[in-house]
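K.L.:
Those protein sequence lines, which keep their order, are chains U and Y. Here UniProt numbering is used: the first residue of the first sequence is 1, the next is one more, and so on. Here UniProt numbering is used: the first residue of the second sequence is 1, the next is one more, and so on.
In short, the hints are calculated from the structure, not lab data. On a predicted model such as this, the values are computed, not experimentally measured, just so you know. Glycine included, C-beta positions come from ideal geometry on N, C-alpha and C. Take these hints with a grain of salt, some might be off.
[Said to hold, decoys possible] DSSO-like cross-link-like pairs, simulated, lysine-lysine; straight-line CA separation at most 27 Å:
no., chain 1, residue 1, chain 2, residue 2
1, U, 182, U, 328
2, Y, 96, Y, 108
3, U, 331, U, 305
4, U, 298, U, 266
5, U, 105, U, 94
6, Y, 265, U, 365
7, U, 328, U, 266
8, U, 331, U, 182
9, Y, 265, U, 105
10, U, 307, U, 328
11, U, 105, Y, 96
12, U, 190, U, 179
13, U, 94, Y, 108
14, U, 182, U, 94
15, U, 94, Y, 96
[Stated by the list, open to error] One-sided excerpt, in silico: chain Y residues whose CB lies under 7 Å from chain U:
no., residue
16, 43
17, 44
18, 101
19, 104
20, 193
21, 210
22, 282
[As the list claims (entries may be wrong)] Some residues of chain Y that are not near chain U, with every Cβ distance over 12 Å (derived):
no., residue
23, 65
24, 68
25, 69
26, 124
27, 127
28, 172
29, 176
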Amino acid sequence: MTTIPPAESPVREVQLSALVVMRLIKHATGVFPQPATGCLVGMDVGTQLQITNSFPFPASNPDNTTGNPNSSNPADPYHQADQLALALAAPRAKSSVSYQNEMIKYLREVNVDAQGVGWYVSCSMGNFVNASFVENQAFYQRATGEQTVALVFDVGRSSQGSLNLKAYRLSPSFMAAHKEGKFTTESIQKSSLRYQDILIELPVAIHNSHLLTSYLHQLPTSPTADTDLALPASLSELRRNPHLASNPLAPNLDNLDLSIDPFLEKTVDQLLDSIEAHQTEQNNAQYYQRSLAREQVKIQAWQLKRKQENALRVQQKQTPLPEDEWQKLFKLPVEPSRLEAMLVGRQVEQYARQIDGFGAVVSGKMFGVRGNLLPGEAS
Amino acid sequence: MGDSQNYLHLARPLAPAPIASSQSSVTAPVSVTLQPQALFSIIDHASRRPADQERVIGTLLGTRSEDGTEVSVTNCYAVSHTETAEQVEMDMDYQKRMLDLHLRAAPKEVLVGWYATSSELNTFSALIQNFYSQQGEGTFPHPAVHLTVSTVAGQDVEANTYISAPIGVTAERAADSCLFIPVPHEIKYDEASKSGLELIAGARDREDRSQLLQTDLETLERAIEQVLEMLERVSNYVSDVFDEEQPPSTALGQFLLNTLSLAPKVNAEDIERDFNHHIQDVLLVSYLANTIRTQIDLSNRLATAAITMGGDTNVAGSGGDQQKQQGGGERGVERGGQRREGGGGQQQRSGQAGPGGRRGEQ
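Just chain U, same shape as in the assembly:
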């Protein structure tokens, strides 16, 4: 109870360099649907955490060493679950820590901001809130410092058109609870920790260097009003002209896509999984309550018996037996940790927000389409 709550970090926002964004996208899409994890380096300047470089963690893959062809069968669900756990645990694995230290040492030689400031993980449709994530971040916040963040890149949602990249940190109150390692009903009541308080989201901004800005300006952009293009002579010329066909930094119109069903379906599916996990947790809690009640009934019966016995002994002028012997005789069941239940709650909240977001976007688009196809009614 004498633990001092960890000092709150002054970092209020996260700034990413374009390089980190591109590296993250490449790594995450390269290993999809496996989660990609890696390390972020940069430095913290006042209230800003500047992330300027990143590198992936090597995939720890013990299957290769056993050489068993059956074990590397990707269709095997157990194998996949194993892989998933391995990939998620990578940031706090010993090999990754040494890899990270070595890499940072080398990066320092070439003037990269050599300070580990966090880690990144990729997910699909917001399914990142789990025990592994929390453990990793707690590990980082304890080992590297309170300012470290976890960047979560959502591959699934980013394919919809807009980049989905979020920065999270564990709240000081959660860190305090995590340090104690106790998530019982009693301790949660005392610290009044709610699942909404586990993670703190930080705003993320992208920052380009001067050199990159000048490079981006030099790339072909959308034609300005004063450029005078020669009119094409035929349709095929219009298609062939490379200056018209590809415009790399043109607005990405993917997010005007109307199809939302696959995304909704996936999210609802994951939501159902979460409910199931919640159900399991609830069953555990109920089981605990029942066995606790049973034990308590037994203890009460024993105490009553001992009292009567003692009353009898007092009458017979004998020394009474100790009444607290039940503590040795009966063992109270251990209360299951409520951490998992809280995480499920947080995860469900994440999904619900996500679906809200989908709903908002898609209804806007739908009304647009309707107004377009039924012009009479729109006016």
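Fit chain Y to the known structure of chain U by using the hints.
P.N.:
Okay, now just chain Y, sitting in the frame of chain U:
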């Protein structure tokens, strides 16, 4: 990305056999694909170079097609080196260990060449090029790709790619000279990078060179504004043609007509019906998700709430238990509701909610 220059490829005769032993034997044309993250990394490295150094170099990693004629540069890392008028020194040990580290994380990305941040090609370039294309640690038998990215302030950033051919009259001369042959390159990005690039490009016109990440709705708003602007431009052009202020173009007219004919012809009632169905589906899913969230929140709160019923702690504990069971029951009812409505409201989701509901009942 628009860097489509024309190259003429001539297969060069191989250099005399004794010299060729330490050299790349392939002089076939190579085409190079650059990925933006490699380019960004080079630019980042260039801006972090020591103040007294003209250029910095690094190693290119990537993949190579089977016959070795196509190289895709996907990653790179900086290598420290010092260069004076007389000599060049490169940290070979560093290069080797860094390569090992990268190979551990991404075994598929192999050494393909090196980059320098100035477009100058000099004797030292030849030396380094020969180091990278040597046998053993180098890219032999494939040619090493040399990428130069000029980063002179006030001038355009210019990227060039080369492979080399051995040249020199004696073996000693050949070791520090080579002929750089320009090869075509293009900058390619994949679908997934598009959204990232768009955002990065968004920061380009801003004074502070930074851009906050946007929510889906903001992105949508911007996309719609852009579409409206484009439509405006097209309709201005068309009306100008009508007013005979702009020269007409049959090709453009045809193109616009083709585009317009893509608009589906559906009758109003169908649209109305489909529209209502879809919007209801979406709203229903959203509503149910929020209901589930509330239920789980409630259940969590009840489980940890300090419920005092005037009795001792024992009573309070069992009270909490009962409350929680009620919460669970309530949720079961909700889920049942979801299944019914889901089945009635939409076909594609009923299959989804069905198993979920059953799972809940077990």
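K.L.:
Could you run down the list of hints and mark each one as holding or not?
P.N.:
Results of checking the hints against the structure:
Of the supplied pair hints, the one linking residue 182 (chain U) and residue 328 (chain U) holds, its CA atoms being roughly 23 Å apart against a limit of 27 Å. Between residue 96 (chain Y) and residue 108 (chain Y), the direct Cα distance comes to roughly 17 Å. Compliance with the 27 Å bound is thereby established for this hinted pair. Note on residue 331 (chain U) and residue 305 (chain U): the hinted pairing holds, with a Cα-Cα distance of about 18 Å set against a maximum of 27 Å. Between the alpha carbons of residue 298 (chain U) and residue 266 (chain U) the distance comes to roughly 48 Å, so the proposed pair goes past 27 Å and is violated.
Between residue 105 (chain U) and residue 94 (chain U), the direct Cα distance comes to roughly 17 Å. Compliance with the 27 Å bound is thereby established for this hinted pair. Only pairs whose Cα atoms come within 27 Å are accepted, and residue 265 (chain Y) paired with residue 365 (chain U) is accepted, the gap being roughly 19 Å. Distance restraint check for residue 328 (chain U) and residue 266 (chain U): the Cα-Cα separation of roughly 52 Å exceeds the 27 Å cut-off, and the hinted pair is therefore not satisfied. Of the pairs offered as hints, the one joining residue 331 (chain U) and residue 182 (chain U) holds, with about 19 Å between alpha carbons and a cut-off of 27 Å not exceeded.
Between the alpha carbons of residue 265 (chain Y) and residue 105 (chain U) the distance comes to roughly 63 Å, so the proposed pair goes past 27 Å and is violated. Straight-line distance between C-alpha atoms of residue 307 (chain U) and residue 328 (chain U) comes to about 17 Å, which keeps the hinted pair within the 27 Å bound. For the hint pairing residue 105 (chain U) with residue 96 (chain Y), the CA-to-CA distance comes to about 15 Å; that is within 27 Å, so the pair holds. Between residue 190 (chain U) and residue 179 (chain U) the CA atoms are separated by roughly 15 Å; this keeps the pair inside 27 Å, and the hint holds.
Between the alpha carbons of residue 94 (chain U) and residue 108 (chain Y) the distance comes to roughly 23 Å, so the proposed pair stays at or under 27 Å and holds. For the given pair, residue 182 (chain U) sits about 25 Å from residue 94 (chain U) by alpha-carbon distance, which is consistent with the 27 Å threshold. Only pairs whose Cα atoms come within 27 Å are accepted, and residue 94 (chain U) paired with residue 96 (chain Y) is accepted, the gap being roughly 23 Å. Nearest Cβ of chain U to the Cβ of residue 43 (chain Y): about 5 Å, under the 7 Å cut. The hint holds.
With a least beta-carbon distance of about 5 Å to chain U, the hint placing residue 44 (chain Y) at the interface is held under the 7 Å criterion. Hint status for residue 101 (chain Y): holds, given a least beta-carbon distance of 6 Å to chain U, under 7 Å. The interface hint given for residue 104 (chain Y) is met, as the beta carbon of that residue sits about 4 Å from the closest beta carbon of chain U, less than 7 Å. The restraint placing residue 193 (chain Y) at the interface with chain U holds, with a minimum CB-CB distance near 5 Å, inside the 7 Å limit.
With its C-beta approaching chain U no nearer than about 4 Å, residue 210 (chain Y) sits inside the 7 Å limit, and its interface hint holds. Because the beta carbon of residue 282 (chain Y) sits about 5 Å from the nearest beta carbon in chain U, less than 7 Å, this interface hint is met. The claim that residue 65 (chain Y) is not at the interface with chain U holds, since no C-beta of that chain comes within 12 Å of its own (minimum 18 Å). No beta-carbon of chain U comes within 12 Å of the beta-carbon of residue 68 (chain Y); the shortest separation is about 22 Å.
For residue 69 (chain Y), the non-interface assignment is confirmed: its Cβ lies about 22 Å from the closest Cβ of chain U, beyond the 12 Å cut-off. Non-interface status of residue 124 (chain Y) relative to chain U is upheld: no Cβ of that chain comes within 12 Å, the nearest being about 18 Å off. Remark: the non-interface label on residue 127 (chain Y) is consistent with the geometry, its nearest Cβ contact in chain U lying 20 Å away (cut-off 12 Å). No Cβ of chain U comes within 12 Å of the Cβ of residue 172 (chain Y); the nearest lies about 32 Å off, and the non-interface call holds.
Every C-beta of chain U lies more than 12 Å from that of residue 176 (chain Y), the closest at about 25 Å, which supports listing it as non-interface.
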